[in-house]
Amino acid sequence: MTALKSEFLAVTTEAILGRETVSALGLVKGSTVRAKHLGSDIIASLRNLVGGEVREYNQLLAAAREEAYDRMLANARELGADAIVGVRMQTSTIQQAASEVVFYGTAVKLK
Numbered sequence: 730m731t732a733l734k735s736e737f738l739a740v741t742t743e744a745i746l747g748r749e750t751v752s753a754l755g756l757v758k759g760s761t762v763r764a765k766h767l768g769s770d771i772i773a774s775l776r777n778l779v780g781g782e783v784r785e786y787n788q789l790l791a792a793a794r795e796e797a798y799d800r801m802l803a804n805a806r807e808l809g810a811d812a813i814v815g816v817r818m819q820t821s822t823i824q825q826a827a828s829e830v831v832f833y834g835t836a837v838k839l840k
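Take the sequence shown: its letter number 43 is residue 772 in the numbering used here, and every next letter is one higher.
Worth flagging that the hints you see were computed from the coordinates, not collected in a lab.
A couple of the hints might just be wrong.
What follows is a set of in silico ranges between Cβ atoms, one per label pair, in the way DEER data are often shown [said to hold, decoys possible]:
hint, residue 1, residue 2, range
1, L808, E743, 15 to 23 Å
2, K840, E807, 20 to 28 Å
3, A791, V751, 29 to 37 Å
4, E782, E743, 18 to 26 Å
5, T750, A792, 26 to 34 Å
6, A764, G809, 18 to 26 Å
7, T750, Q824, 36 to 44 Å
Quick reminder that beta carbons are idealized off the backbone N, C-alpha and C, glycines included.
Make a model of the complete structure from these sequences and hints.
Dropping the structure here:
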């Protein structure tokens, strides 16, 4: 866990139990777009034939989620936030070989 993550509270709820929100600083977000690699795509296609987990895509999306989350935390840090509430994640397909991952929430100051 990076230092930035360990200093921050990021929750899916609208408030943090036991903590008072002093002010809402606004929407924060982080996103990334990742494209499949030709080599990974070939291996994944072979896995589709025999079944099972497609580890190449799993690793790609895990890295994309991590990067988008880190960018959201950095955006909140720039605003001087103590936490992010109402965190959500969305994914979308940009084109057949590329996907976007977005994290967003409300940056807040805590008492």
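- [ ] Determine which of the earlier numbered hints do not hold for this structure and return their numbers in increasing order.
- [x] 4, 6
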